[in-house]
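K.L.:
Residue numbers (our numbering), protein chains in the order written: chain A, 1 to 380; chain B, 1 to 380.
If you're looking for bench data, these hints aren't it; they were derived computationally from the structure. Quick caveat, the model's predicted, so the values are computed rather than measured. Please note that a few of the clues may not be correct.
Simulated pairs of lysine-lysine, BS3-like, Cα-Cα distance not exceeding 30 Å [unchecked claim]:
| # | chain 1 | residue 1 | chain 2 | residue 2 |
| --- | --- | --- | --- | --- |
| 1 | B | Lys341 | A | Lys118 |
| 2 | A | Lys171 | B | Lys118 |
| 3 | B | Lys173 | B | Lys225 |
Number of protein chains: 2
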Amino acid sequence: MEKGGAWRDDGSFAMNREVAPPETVEVALGSRSYHVKIGTGLLEATGPLAREHGLGRRCAVVTDAHVGPLYAGPVLDSLRQAGFEPTLVTVPAGEASKAMSVAEEVCDAMIAAGLDRKGWVVALGGGVVGDLAGFVAAIYYRGVPFVQIPTTVVAQVDSAVGGKTGVNARKGKNLIGAFHQPRLVLADVATLQSLPPREWNEGFAEIIKHAVIRDRSLLDTLHGKDLQHEPARVAAIIRRNVAIKAAIVSADEHETTGERALLNFGHTIGHGIENAAGYGELLHGEAISLGLIAACRLSMRKAGLSPEENERVLQALAAFSLPLRLPESIGTCDIMDALKKDKKFSEGAIRFVLTPCLGEAFVSADVTVEEIREAVEALR
Amino acid sequence: MEKGGAWRDDGSFAMNREVAPPETVEVALGSRSYHVKIGTGLLEATGPLAREHGLGRRCAVVTDAHVGPLYAGPVLDSLRQAGFEPTLVTVPAGEASKAMSVAEEVCDAMIAAGLDRKGWVVALGGGVVGDLAGFVAAIYYRGVPFVQIPTTVVAQVDSAVGGKTGVNARKGKNLIGAFHQPRLVLADVATLQSLPPREWNEGFAEIIKHAVIRDRSLLDTLHGKDLQHEPARVAAIIRRNVAIKAAIVSADEHETTGERALLNFGHTIGHGIENAAGYGELLHGEAISLGLIAACRLSMRKAGLSPEENERVLQALAAFSLPLRLPESIGTCDIMDALKKDKKFSEGAIRFVLTPCLGEAFVSADVTVEEIREAVEALR
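Same shape as in the complex, but just chain A:
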């Protein structure tokens, strides 16, 4: 493979060194505004960029056991060369690290490293690390700055932008957390080359969701077998998605006006499936793929989405090998039970996001539990 990067037989990773000069998207939130930089070479620029933002001397680089060995080195080097004193804090990889007990352990490590109220946090990794480390930044000394360095597609286009941080309660995903905006987001697309195929593909469920609710032409850009190893093209796709997310977050930071709720398209049923499957059975994006299909089906029935546009979404999901059928092992009743515990079921009422045509979406109060059940059944 001449152009693309690849894993070598010895377990090391050969990266395509094509350069994508960083471009910037602003998340406009008044005094909490910040920049998302997208491109290659950003890991190595962490120190100088942190310096520009006037951050304190000591920081914690929070990462997980998968990402740390690959990417912590250049981040730590860059920080040290810029005069910072970083401490590496590594948590186990996986959803189980999104827990209060792990948040407390990270705080303990930061105290031991001498971080005080001028300390700050780098979240280096995927959605779990970003949510956890962002939450730690929100509660350490009642809030310290943090920098997101997302290393998965999902994190770059979605979870690292917008300030939602948190951990899971023992009885419910994402029920404990805080709104805490980062000071800066560095989406280094070179890091995406090392993602295993399933983790690469799952990120496109969120990208396809963005296309459905805001930008149908985005679907035209999602093709090519070697896309993962073409940093310039990947950067362009990530940038469009960050711009969509940034505009929605700017309009509705705390999910109060309904705008931000549009991002839940496909997620009501998707989360129900993810919960019912038990974490780990399906990746988040794989469950969301099924949620998107169900939401499109309901949109045909309730909002006039055309069968042709519905088919277009299915094809986009299929192009990234995302699941189109619900595994038999996941029961409909389990999904419906899980769904009823979802945060989005506000005091019992269902607010369900529908799309009348690709590129538009709205929140409907007109979808019944029975209709949701039918849409789930239709996934079989």
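For this one, chain A is given, so just place chain B on it according to the hints.
P.N.:
This is chain B only, laid out in the frame that chain A set:
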């Protein structure tokens, strides 16, 4: 005892039923402004007042094993009569409940009770319950409303007002938390009658601190053997203190301009003593009493505080049986070590609050570690 309330031999409590009609102090914070109501009969008014504030149907009343049996009854009754569905969550009494693990347990109980993002929290108790329950409100569903019902002097004049919430890290007090303002504070002074003498007295350390930094004439009101059982007089004192705290918080919500730092008068050394003593040896207010004495001594040396005014502070502390001498069991080195871990030692620099004359205070960068050590030694 005809006028005052008292504990009966059977363990029940006979309260002086003197009425102090509630008065209101506003904490002005723009969209986060709220009222502190001070007087008698407020426990019984919780439901109608919550209704006025448009709070959701389900709430959690978080209290501890000491306060719950005394005061949860009227609060729950009032809430139910106003159409709310309260769930009582009782934590063990004492500082050990200010922990991440307990915060998670309270969240679990709220999930089990079906509270969603429209749920809210009542903090019924002293500083520990207020800090813990406020923190839970800050992080549950990324933030839900809460109502403070403080039942100690310290909580009514200090910790329930201003939005500082949090728990202790395993290696440091108050290092984990959030700024989260309550929607409403109900300071029912009738509850203060049941405080044991030490807990009643310790609250006056914070009151004397307020007098020193903002209102010297407040010292003239702090007398009378039966004060604890004279609700109208107590309410007047609490109200003046809440007004002082509210003005400072309004000027500097997040402790960024230096104004709010004035509230740390006596607390740098006081916290060092509290930490070195081991929690429970000295009550918070007792440690602060010693901190106030040391800060006044340093103020004489560094800021021109007169010996007469210094003496006046000592007499006020003595009138509430607060400690004037450091117990021999607490070592100076332990105090200095603890002090260096204090949040207020920002990146190694000491910002110490001094008073040049009663009623005024300022933050000084001019106090050395050696001078602090001498002031601690002088407490022996």
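K.L.:
Please go over all the hints and tell whether each is borne out by the structure.
P.N.:
Now for the hints, and whether the structure bears them out:
1. B/Lys341 to A/Lys118: Within the cut-off at roughly 14 Å; holds.
2. A/Lys171 to B/Lys118: Within the cut-off at roughly 18 Å; holds.
3. B/Lys173 to B/Lys225: With a Cα-Cα distance of about 34 Å, the restraint between B/Lys173 and B/Lys225 is violated, given a limit of 30 Å.
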